[in-house]
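Undergrad: Here are the chains, one letter per residue:
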Amino acid sequence: MGYGYLADRNRVPTATLTSSAAYQANAPLDNVKTLPLVAAAVTTTLGTAGGPVTITGAFPERYPCTYGGLFDTNLRQAARWRLELFSSAVTLDATTRLFDTRGADGADRAVIPSLTDWRDLRWGDPNLFRGDLPPEDFALYPTHVHCIVPVCRPAAFRWTLYGPAYEADNSEATGYSIGHMWLSDGVPLARHMDSEDVYTPTDEITRFPGGGVSVEPGTGYRSVTIQRAVAARGLRDALFDMARRVDWSRPVVWLPDVDSLGDCFRYGGLFQKREPHANRWIAPKLTAGAIHLEEITV
Amino acid sequence: MTAKARLIELDAYHLASGHVHRWYLSLGKYRSRATDTPAALPYLPLVGTPAAVSVALVALGEALGATRVEVGRIELSNALDWQGERRARVYDVTAGTWLTVTLPERPLNLLLTDYALAGWPVVDRVVEAGAALSTAAVVFRGVMEMPEPARGAITIPIRTREADFDDPVLRETYSAGDGADLEGRTKERHFGHGYAEPTYLGVIGGKHTYSVNGAHAIEDVAVFWDSGARLTKVTSGTPGASEWKVDPATGIITLGGTRPSAPMCEVKGDKTGGVWRRYAGELAQHLAVTHTGVLTLAEVDTASVATLDATPRTMGLWLAPGDGTTGRQALDGLLGSLARGYWLMGEDGKLSVGRLPAAAGAPAATYVKGRTTPGLQPRAAAGRGLPAKAVTLRFARIPTPAATLASSATEADAKLLKAAWRESPVSDPATAAAYKGARTVTIETALFARADADAEAAEFLADLKRVVGVYDLPVYDLAPGVTRRSVVAVDDDVAGFEGGRLVTVIGKTMRSTRATLTVRT
Chain A
36 MGYGYLADRN RVPTATLTSS AAYQANAPLD NVKTLPLVAA AVTTTLGTAG
86 GPVTITGAFP ERYPCTYGGL FDTNLRQAAR WRLELFSSAV TLDATTRLFD
136 TRGADGADRA VIPSLTDWRD LRWGDPNLFR GDLPPEDFAL YPTHVHCIVP
186 VCRPAAFRWT LYGPAYEADN SEATGYSIGH MWLSDGVPLA RHMDSEDVYT
236 PTDEITRFPG GGVSVEPGTG YRSVTIQRAV AARGLRDALF DMARRVDWSR
286 PVVWLPDVDS LGDCFRYGGL FQKREPHANR WIAPKLTAGA IHLEEITV
Chain B
22 MTAKARLIEL DAYHLASGHV HRWYLSLGKY RSRATDTPAA LPYLPLVGTP
72 AAVSVALVAL GEALGATRVE VGRIELSNAL DWQGERRARV YDVTAGTWLT
122 VTLPERPLNL LLTDYALAGW PVVDRVVEAG AALSTAAVVF RGVMEMPEPA
172 RGAITIPIRT READFDDPVL RETYSAGDGA DLEGRTKERH FGHGYAEPTY
222 LGVIGGKHTY SVNGAHAIED VAVFWDSGAR LTKVTSGTPG ASEWKVDPAT
272 GIITLGGTRP SAPMCEVKGD KTGGVWRRYA GELAQHLAVT HTGVLTLAEV
322 DTASVATLDA TPRTMGLWLA PGDGTTGRQA LDGLLGSLAR GYWLMGEDGK
372 LSVGRLPAAA GAPAATYVKG RTTPGLQPRA AAGRGLPAKA VTLRFARIPT
422 PAATLASSAT EADAKLLKAA WRESPVSDPA TAAAYKGART VTIETALFAR
472 ADADAEAAEF LADLKRVVGV YDLPVYDLAP GVTRRSVVAV DDDVAGFEGG
522 RLVTVIGKTM RSTRATLTVR T
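Protein chains in written order, with the working numbering: chain A, 36 to 333; chain B, 22 to 542.
Among the hints, a few may not be true.
[Stated by the list, open to error] Chain A residues, not near chain B, derived (Cβ > 12 Å throughout):
hint : residue
1    : Thr101
2    : Asp292
3    : His327
[Claimed, not checked] Which chain B residues face chain A? A few, computed with CB under 7 Å, are given here:
hint : residue
4    : Pro59
5    : Pro66
6    : Gly69
7    : Arg107
8    : Gly151
9    : Gly391
10   : Arg392
11   : Pro395
12   : Pro399
13   : Arg400
14   : Thr534
No lab work stands behind these hints: they were computed from the structure. All C-beta atoms in this analysis are idealised placements derived from N, C-alpha and C, irrespective of residue type, glycine included.
Excised from the complex, chain B in its bound form (with noise of 0.2 Å):
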């Protein structure tokens, strides 16, 4: 065993030039072989303390596709070099060239003075002294928030990327040619496929005119209710009375009659570059990179979300104008509709998206306690830790319940628009005998289908119907190789994990060296 070095490289917005330049330091010695590439680059020691950073899957206990996210921080070393003249080797990745930079006396000032550090990426690694930088493991990628300055010391918090989606989903604004009422406010958007108060725009071309897209284009209205009575659509023409026709490339419903009193519409929402997307993975995808932008197509793991669209799930995301649901909160309630259902940003700087695997196959890592773990603590799980003997899952909500509706509507659309939610009940009468205090669960989720409601409730209940363990787990190193979602072998004195039990993690928090992993059974 030889002495490990943490390798800090950050990327930083350099002012002057307008180029993204990136820094390599550590803390401990290291410099790249001359095989590796880059090759015999130092890096600075100038690290003091790497980040404490924790990351967690999901509400602990539960599979509800929520990311947990705290920020960490790390303190470099500015202090005085008594020698000068001392140079860092300093990539410069928008021109692909490395530099050669001089540092000052205090050598990390240049980072508060000539760069922008908030927002850009931070990596950190671990390797073995001497290794090949190839077999340096990724602790965590994180992001930079403002450097703290002190006399001799930079501390700069980090935060992980999935912080990054903190921005509200609609971006573009009404202006004021669009009325009084809707100047200045967000433009709404549908993705997916589900239901939607469609946005009155006024009277364009002595039409009433209603909005389902922002005036993006999307696959089709497919019905168009007053009160809950159908209207005619129409494909061609100009829509006389009870008729209306819309523009898939707009978005836009034109209404040839009156205006409805209760308007309410089956979407099949947004198709940005000629897609329609209604699958959980695609939407998340969509959401990530095409429609907010704040992940290119290279840092989505585009196979998990094959993976997780080979059992397709329609969803519907409907955000009427001045929605400030976030990115996170987007994601949180897509994913969190599917049972053990997560997104996270990677330990490999990608978006994954996929369903919790239960505790079962070959384990990333095997802790003893005694040896390599001081044994499992138990925490506090959701719902008290108790069992589900029901689960109720709701799906397909009408943003606007109809409150009177038209003679002439069907008893089927009546049903339909009086409710919120259409609801998919599973009991489980094993688990209510067992358990006197079982609970019954409520789910709203964001599912269009029938069909796919009752396979995820039924999926939700054999999740929920589990005796679950959370348990946190220190161990003695960063366990690499050990990430959100990884299954690890625990074997300790706790009943049912004497002689190894697998259990699959889903937090992890990394001090300056060691991790704690938080894992449920």
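With the rest of the complex left out, here is chain A (with noise of 0.2 Å):
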């Protein structure tokens, strides 16, 4: 069990991107530095392990960064990626490198890695060799990448992406889709009791007189609430900044368990504060407090 994440202050929005891949003229690649979602970049190749689709990026200054994420991607689950973060903006190689994603043996890491213990799976499941999630599930939720990042100061990023990737009606599609790009510093902390996860579709019901009822399908959306029963100066002052930053309209990326991407998955993702942010006092220099969080779906 790790602890939760959150992360404001995104700095890619001020590096100047490229990439290997050309882009959809609808969709070009500074798409990743802006919301809404739906404003994505979108590639018009997929990457093959031999040559895949590198976004680099360069910033005008060095931050302290210990998160990177992409945003509702249509990346399928066995689809691999690499983050790489460089001292240099101008030399990205070994001797610059500040961290690596890929491990010793050098492999890159899967959108969903295996997250189930292999005694729980039953025979037939559709999951049963890679042991990440039943694909039905898979399409429930958008598909966010998150890199959880020891503390440094790049000058320069690299994404990497090959492998499938699917269409909003599951077909194959011919080009990876970024909603956003995200690095940036966070916060670490942990839920206490009565946090909260939650999910309001959005449908409209109608009941008619004779007792049929008519549900119009909405966009249903998710929500976040962290209960602190108890902070010390420190959270409880990073917290209060944070809340003035990022007001009620300014994104910020939510991680429940930094060790299970799983949960990431289901509950983590791109959120906005929905609710007035409070000390309350307990005690000299110990506060309790809530943080609402309500889920960016457009």
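The two chains are supplied separately, each in an independent frame; assemble them into the complex guided by the hints.
TA: Set out below in structure tokens:
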């Protein structure tokens, strides 16, 4: 069980982006810097292990970073990704590399790695051999890629993608789509009692005389309540500063458990604050409080 | 079932470049797919409330051609964008190129400052989230009015294109040289085949001169009466006393003798482009396209025109100098002269004319009470819903009936010119016996020939003697694919609807997620 993680101040919009791939004219690469998510960067081709799609960004200034993320992508769970951070915006090689998601064996991470204890898998399950999410469950959630990084101050970063991707109707896509890209520092914090993960459908229900019911489907959204029964001064001030920075309009990233990609996939993502931020004093130097977040779906 | 997105494509006139730009906005998340045209286009989710627009085709319950339009409003979100640098992909319709527009902090301020919206078209479509763009169904096509800005939102009134015909049909005016009584007045026009009182232009070249079509080409003038006496038509030379000559290239009539006291003509009218149009469909198309230029030919459902004119009905439309008849009134008059006739701007953006189909054939949709609709709600029909026992159809109008007739007028001419209308009465004794309160309906039409009028009178009576129910049918969705003049099946516990009954849709009101159909049995 790892800690939860809350990040704001996305640094990617300041970066200069280049890519190995070509992009759809209506969906250029720079769309990853902005919301709405629907205005995404869409490549015209897919990457392969030998010829992956890379997106390189150079920062004008070196910011401390502890998190990198891709939001609202169309990667299938078996697709592979890599994030590298460099101390130089000019020379991007092993001499300047600060961080690499590849381990000693050189393998790249899957969007959803093997999550499940093999003893829980039943014969005939679609995820029997890979142990990742059943494809039906995977399709229920937006596909985000999260990466916790040991704190460093990169001057440049490089995302590498290859593998299959899906269209909205689950057919094979011909290009990658990335709604939003993130690289920033954040605040680690654990949730306390009464924290909530909520899913709210926005379906519209009409009841007819005579007992009939019609339901017009809407776009459901998730929301999160992070309760802190007690927070010491450092966390208290960090969260209050964050509340001032993001207001209710700017996005934040919420990961419920950095050690569990399954939890992050189901409950984490891109959110906006929805309630005032309050520090309730329970003792000298100790406060309690709650953070309410609502998912950005568009 | 997945969520649906509403796609709003609005054309706006870019004031600086003079080009028309198409903006792509949505309610809900939608991006076209890589295989669509345009490919991978994000629709900016800036629509707050889509328009509620109501369109109806006929005077409720009675097919009399008129098209009713109400204005709706569409609300766009103009909330402050925290991040800035948001980009919109905009299609330059004029140049045929794509532009990237960096939006200001309030993203739609550009629409208020850099663009003219009023009078430009807007298309509202609905599509399943993630589906191909080609599967999007048109909810309505309309025209924007002046936007109403508010902090954080822009409201744009929307109307349907039928209102584009609200300008007068007569456009050209007489100038100072045409005499004091004509100066500044609009020039008369005559379309089709009918009677007209020619406009006196004065003495030109020593001859009394009249005009019937604003100096535009006509097919012919068949007869010229003076107080019921026929003057002699000559086709060459100079007309002498009691003689007249017409120049078909200009519609100008030159008289040889004295000035007539009560001139009247039978005119085969306007021949713009060398075609004499005299049937309802082609006249409607001519008024909309070649005459007023409100529509391009591509915006006319020419197949519907051909279908309607396959049963030709000769019509005449005489507009005297200064007449303020609008295009809409003219089209109402022409199509209202036909039993169940209608005209409308369809969901495909095209002018369509025709006769409202009877409720028969395969339904476009089936609505069941308690499942897809809360049920039929009756509404008051025209004429208190009573059937008609008799129809008197009036046709071939004389603009000014003669007060005094010359002694040389023939008996037939005297009868013709004394009465403003010819009449074709038909009655149905069975309806009269069953419904003691049955109505007698008089319909004034633009028809010219008695054979046509007799046929139409019978058609009108066949329609009006039926007991017609008009209902509102609220449905749970936007009823894509159901348009005015569609046939739908309704299963309700109202008498006659148990087990399903076919009805014809004559009106549709769109709100944000559901529609109300007005249907007629």
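Undergrad: Next, verify each hint and record whether it holds.
TA: So, going through the hints one by one against the coordinates:
1. Thr101: Given that every Cβ of chain B is farther than 12 Å from that of Thr101 of chain A, nearest at about 21 Å, it holds.
2. Asp292: 27 Å, holds
3. His327: 18 Å, holds
4. Pro59: Check passed: Cβ of Pro59 of chain B comes within 6 Å of chain A, closer than 7 Å.
5. Pro66: 5 Å, holds
6. Gly69: 13 Å, violated
7. Arg107: 5 Å, holds
8. Gly151: 2 Å, holds
9. Gly391: At about 4 Å, which falls below the 7 Å cut-off, the nearest Cβ of chain A leaves the hint on Gly391 of chain B intact, so it holds.
10. Arg392: 5 Å, holds
11. Pro395: 5 Å, holds
12. Pro399: 16 Å, violated
13. Arg400: 18 Å, violated
14. Thr534: Thr534 of chain B check passes; min Cβ-Cβ to chain A is 6 Å, inside 7 Å.
Taken one by one, the earlier hints fail for this structure at numbers 6, 12, 13, listed in ascending order.
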